[in-house]
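Q: Line by line, the protein sequences are chains A and B.
Residue numbers for the first sequence follow our numbering, beginning at 1 and rising by one.
Residue numbers for the second sequence follow our numbering, beginning at 1 and rising by one.
To be clear, the hints were calculated from the coordinates, so they are not data collected in a lab.
The beta carbon of each residue, even a glycine, is placed where N, CA and C say it ideally should be.
Just so you know, not all the hints are guaranteed correct.
With a straight-line Cα cutoff of 16 Å, these simulated EDC-like cross-link-like pairs (lysine to aspartate or glutamate) come out [to be verified]:
no., chain 1, residue 1, chain 2, residue 2
1, A, K120, A, D181
2, A, K72, A, D36
3, A, K120, A, E137
4, A, K72, A, E149
5, A, K83, B, E450
6, A, K120, B, D436
Beta-carbon label-pair distances, calculated as ranges [unchecked claim]:
no., chain 1, residue 1, chain 2, residue 2, range
7, B, G548, A, F207, 54 to 64 Å
8, B, I549, A, G27, 47 to 57 Å
9, B, A550, A, N51, 44 to 54 Å
10, A, T15, B, Q241, 43 to 53 Å
11, B, G548, A, K72, 51 to 61 Å
12, B, G373, A, T23, 56 to 66 Å
13, A, T15, B, R558, 53 to 63 Å
14, A, K120, B, K432, 19 to 29 Å
15, A, F207, B, Q241, 38 to 48 Å
16, B, S234, A, T246, 40 to 50 Å
17, B, A497, A, F207, 52 to 62 Å
18, A, P81, B, R349, 19 to 29 Å
19, A, P81, B, L553, 44 to 54 Å
20, A, L86, B, F243, 43 to 53 Å
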Amino acid sequence: MSDTATATPDAPPTTVLQATDVTMRFGGLTAVRSVDLTVNSGEIVGLIGPNGAGKTTFFNCLTGLYVPTEGKVTYRGTVLPPKPHLVTKAGIARTFQNIRLFANMTVLENVLIGRHTRTKEGLWSAILRGPGFRNAEAASRARAMELLEFTGLQHKADHLARNLPYGEQRKLEIARALASDPGLLLLDEPTAGMNPQETRATEELVFAVRDQGIAVLVIEHDMRFIFNLCDRVACLVQGEKLVEGTPEVVQADERVVAAYLGTPYEGAPDEGTAAEGIPAETEATDGDHQ
Amino acid sequence: MTTTATTGNTPAPAAEGPGPGVLPLPETAADALVLLGGLATVVSAFMSWTWTSDFPGDLTVYGYPAGLQIIAIVGGVLTVLFGLSRKHVRGLAWLNPARATNPVFLAALSAFVVTWFAALAIAVDLGGLVNLDPGAYVAVVGGLLALLGALGLPHAEGRLRGYFGKPDHLPRAALPAPWLQRLLITLCAALALLAFSYGIGINDDDSETFIGFALLVVFAAWALNAAGLFERFSELNARHQGFATGMAFLAAVAFPFTQSDDHNANLGVNILIFGTVALGLNIVVGLTGLLDLGYVAFLGVGAYAAALVSGSQYSSIHIQFPFWAAALTGMAASLVFGVLIGAPTLRLRGDYLAIVTLGFGEIFRIAVNNLDGSSGPDVTNGPNGISNIPDLKLFGFNFGEGHDIGGFTIGRFANYFFLMLLFTAIVVFVFKRAADSRIGRSWVAIREDETAATAMGINGFRVKLIAFALGATLAGLAGTVSAHVTYSVVPTPYQFAGAAPPNSAFLLAAVVLGGMGTVGGPILGAVLLYLIPEKLGFLQNYELLAFGIALILLMRFRPEGIIPNRRRQLEFHETGQLDVPEDGLPPGTVGATKAEA
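Just chain B, same shape as in the assembly (with noise of 0.2 Å):
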């Protein structure tokens, strides 16, 4: 690559002194209106915002937050916390180590755009400004406040386009004591579960709610990666690696605990699958580097395996396997189907590879839904599928029923949740473990440079096929599972494109818009693609060309993904390198060569 320097990016600022901001207050003033904004923002949720019920989450109730109040309450705590954090306040210095502005800036933001969002979906929705209550224009003044207050606050470039970055350098923090560590990463897998589980429990009906509930979670994600948060996190993450994983899942373990519907636990489940498939992906895609669009055939192949299986009565063949027979034959057929593909195909490069796993993709749906006895060999059953898959049996438990555990009701759902999370388990510890070997940095390096790579002595085809296979059979895994828990396999889900988890594009998606060659990237990638559509449902058919422009603004602001590889961050983003090189060229290197030659 090219070795411009880098500079022009940011002017240097000066070390101490940050000039004014872009509105021209004094220091207090703008510091006393960002807590004001953010108290004032707080209280209001206390109050009424509207005065009839119609509106989503009853917001007409004094003393008793609900729906968008609770939002806002977080974002104004948020505020005021990093309003706060600025000043010396004890206690406070680890939310914003650089004492920057921006986090303030960004957390104001989150309070603004949930309070004005909330008072304009009021308005809107029930047709005018005499709908709102005072809290409601307490909440509007208050976030506009804070807003201008962090607009007020000293700023390094006192321009706009400044304050959504995050600062250059962190200060060294001593690192708290182990157990201390341990416990913070505990917290944040609890504050995780906790968001999930309560955008998760938001009622499909109230979008209004869900898109608040969004926006306070980008704008307050994005404060706390300007404070440099996120940073201090991941860097706590590798050092507990085994730990931090342990507790994702731990976390993972807990959710069905913490929702009373079993259609939320449907909902897990799904997006558990959608996001181990998408996993599988991220080895053809995101290690090797090979575009593969027909990757969901595979998830169909292993959940038609499974469901032929099953001894379901519309099922072709007439015998049931126990389930662990079931999984294997899916993990089988799925890496079977794998190799025939992969075979012929991966001769191909780049484009020319996309297309044809297009096309093999789209082949195997067809061909799903012909073999139905009339247009060829009864097999499939055709568009109809094969329906009636009767639930699981392990060891007497049945999951079809729902089981009391310690006063909590777990549902059918949430048992094949647990399934589920076992399996995603499998495919994330096959995933770490391939990806950091010899096996593994062959599949990097064919991304990097395939000529290259063979000429080093690697069997492109060979290693090429591996990937291939493996990323089939996690995702025919994942299939046998999926077959269980919709009670029929149809032809349908399979596609390239569609309204709806899983396609291939989806899969895609989620690989590229979490993060490619990570095992937190395709996860939350599946969790916003899925989540998204599901409780939005007034976007209906507008929801591919908001996907894609959403895609588009990703690939514009940051085409590493959310959760960013760290190769893939040092590609896009050639400032803040981890690793610049600290002597350059020897001295007297260009320009003395002609002269000495």
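Chain A extracted, bound-state conformation (with noise of 0.2 Å):
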């Protein structure tokens, strides 16, 4: 089923996801000024970025909710269409900060929704119950309950996505993406709010899929998450991509940090911040989101 994560980890990397000179503005506001990035095959890719950055404008520019006011998106060469299902049908699957699942939906209801795209019976077919009906509907099952397993949810497949504690929503939403068969996944904070047991679980799952091929593309406030967990981040501030390059780079960046917490105060150690401003911003995110 999963025809299009056929990359391996041996292949040479492709790119998936260029995003060019990408701004967005809403009236006089610059929410994202001329960002660029792209996302290569196998690669799980991090954006960081105070609050109020554009991180998730950015993200919206990417599927579809907001038509970039400059700049083109192109996914494996063709630029995107500016609608959401026409992104998610190409093959960009997302999940949202605020978890957004069909609450009053079962689990497995909730993936199959995610299999939408990729099937294609209609109303007639609904009514006429044919076995060509019979069989995409077993199928987008099989599919579903395999994604589960997956995620580890497949003893709650006949739960109501409201009754899932707030982990196991995050795991379901991104079973729901991964449903669509996707070559890129967005991931929208998907730590938010968890414990650190919970992190870990996350991490785990997201190399889980960037083996299956899949690349990510990943928004997330814990740093200690983002820098073990990407080969590539970078930071938005204002608007503006700031840097890009390895986690070392990056967490090693004066101007990364001075965004998150202020310009240092004159003749303060130089060193030394930088190493433990990182960390530090941890806890202030988390706060915010708790």
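Two independent chains are provided; combine them into the complex using the hints.
A: Here you go:
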């Protein structure tokens, strides 16, 4: 089923997502200013930045919820259509910062919704119930159960999504996104409000997703999580990309620390703040989300 | 949603030995009172309640119960049965699996309410208590004794508020043999048919009898619910879905045979039309969550389309289609109209959509009113409408004539009843299959969260348009029959709100009242909303007021509707969830977060 997840770890990396010069203005406010970003196959890319830096706006430009004022976004070489459902169909799936499950549907039904773009049985086949309909339905269910097993929710398939504990709701969102067989998964703060164990479990889940050949772009405030996970990190500040590079490079960059914590006072020791400053940020942002 | 723990809702009663009831009575005395009261109610029904036959139903005869007395008998028998079910009487344990006090109380309350209502109605109608005969006094005392006895029975909570709920946990029961399960479903269908045909058979002038009947039905149903029997029954239904649906249709087919008067068959066919349209609206409102306040226009489009091609001499196009073609024409016209209205409006959400659909619904009525040749082209004959619509003839079967089938006379309206029942079956079939499919799931997803649904790859506009068009088509199908049943099609019924169904407000009320997203709900809602105004003629101008009050009360106490969708029930009542997560968060969750970060 997961035919889009073809890239093997050995194959030379290909560009999955390329955002060129993306600018998003709301009236006079420029939320995102000429940001370039590429995501290659088999890669986990992190997007960090202080609150209000434009991370989620940039995400929404990628997923078709917003049409960028300038610039273009291509997925595997084709320009993305400006409609969310077409973007999903093209192969980009996402989760939401504030969980947006279908609360009154069962866990299984939530994942089946994710299968929507990969199936095409319409009203007529639903009414007539030919063999085609039944096969497609059975295949969808099998794939959905497979994904629930992958995320460890198989024993809760018949529960209502609203009744799941918080951490499992996050997992279910990922399972639902994976159901559309994406080539790129966008995670918007997947560990917000999670405790350390749950964060670690999410980390492993994201690695497992990557191992299936799906590229991942993740927004996160939890720096430990980001620097453990990502191959590359980009930092967005006030709508502009400040720096991009390996976790080590970004971690050591003074401007990133300054953006998060403010400019150090004059004469403060430069060395050391960079190393300790960023983990300290974890606590501050965690506090924001609880 | 919030994950607040639902503690403090019921202070978890001790497993055994419930406390005393509201009235401090010894248990044996309370039991005896319930039984005595129930029996007295039954016996009183065989005595005269009043001296004159002026009171509706003629309650003057000894040994021959009528009208309200029959209803009192049912209340009394129910009280006795539930009273005995609490004791370990063989063969009655199924009636009250939890051996709870609540159903006894509610059954006694039904007897009490019916008898006291009857006595008061006699006294008020005829002018004074002097008009009561001994039988009425026996009935009143019997009802009161049963109620007092029920209040004296031991109760887990001991507060009056706690008497109306149903038990939290039913003891697991071994399922009876499959044939017995089917027999039970059959019996329930027969019982429902009996209740319905009795209710519809009450003379239109006997408002008192109908109110008594309605009171009994409400409280008896409440008692059965409190005993947990509805829950049991829906489990049975879920096991034998096809069989249960078949039985429901069989009961509906049997309905005309229970009526000697074709007038009641007329009510029946109108209820079916109303219910079928409500079921179509349920796709739009209940499944997809689009509030459509102009839905009756689609019924109108179907009816007008069928009338125009019916061969009536008032039709502006003088052609006569065979009925199957007329039905298809009506459906196609409604479909086109639905897409035309839906395409521009479905880009709106929520309140905006509601207002725009309300506007389009009125545009239809006003346009039809004006297409009369003087203020517009002559299409619909204006306010006079298209009358003299000929009766249908299918395969040489004339729907306008009565027929004798096995000694029963099947009149004109009964003929149409059968035709409409076939269409209702089609609509139920389409509804069920569409709801349980890829497209049905995407409707529900749109209802739950449209932004998330589109982000998951659902083309929101397209899917909503399909729901809108399907709902319109099904309403148009019902409209084609309705044109022939009523002989004429005029613009007035197709308005937003009026005193009589069908109109958009009543249709919406039928869906919401009955239960959104279910098959049975809108049909039950349609039965109630059609039958009650019809039988309670004295309400007249206060009908809409009473209707409004009823809706407010229902939304306050049972927002999920009479027949709740499983999802909706869980949404409104967080207790008693079917699937509470059995294992909570992993240990050491909250609070540890910051310390470890």
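Q: State for each hint whether it applies.
A: Hints, verified against the model:
1. A/K120 / A/D181: It holds: about 15 Å lies between the C-alpha atoms, which stays within 16 Å.
2. A/K72 / A/D36: Distance of about 10 Å is within 16 Å: holds.
3. A/K120 / A/E137: Roughly 10 Å between the alpha carbons, so the hint for A/K120 and A/E137 holds.
4. A/K72 / A/E149: violated, 37 Å
5. A/K83 / B/E450: Answer holds: A/K83 to B/E450 is near 13 Å, not above 16 Å.
6. A/K120 / B/D436: holds, 15 Å
7. B/G548 / A/F207: 54 to 64 Å: Once the Cβ atoms are compared, 59 Å apart, the range 54 to 64 Å for A/F207 and B/G548 holds.
8. B/I549 / A/G27: 47 to 57 Å: Once the Cβ atoms are compared, 48 Å apart, the range 47 to 57 Å for A/G27 and B/I549 holds.
9. B/A550 / A/N51: 44 to 54 Å: holds, 50 Å
10. A/T15 / B/Q241: 43 to 53 Å: Roughly 52 Å apart at Cβ, these two residues keep to the hinted range, so it holds.
11. B/G548 / A/K72: 51 to 61 Å: holds, 56 Å
12. B/G373 / A/T23: 56 to 66 Å: holds, 60 Å
13. A/T15 / B/R558: 53 to 63 Å: For A/T15 and B/R558 the Cβ distance comes to about 57 Å; the hint holds.
14. A/K120 / B/K432: 19 to 29 Å: With Cβ atoms ~21 Å apart, the hint holds.
15. A/F207 / B/Q241: 38 to 48 Å: holds, 44 Å
16. B/S234 / A/T246: 40 to 50 Å: violated, 60 Å
17. B/A497 / A/F207: 52 to 62 Å: The hint (52 to 62 Å, Cβ to Cβ) holds, given that B/A497 and A/F207 are roughly 60 Å apart.
18. A/P81 / B/R349: 19 to 29 Å: For A/P81 and B/R349 the Cβ distance comes to about 22 Å; the hint holds.
19. A/P81 / B/L553: 44 to 54 Å: holds, 50 Å
20. A/L86 / B/F243: 43 to 53 Å: Holds, since A/L86 and B/F243 (Cβ atoms, about 44 Å apart) stay within the stated range.
Going through the hint list in order, the structure does not satisfy hints 4, 16.
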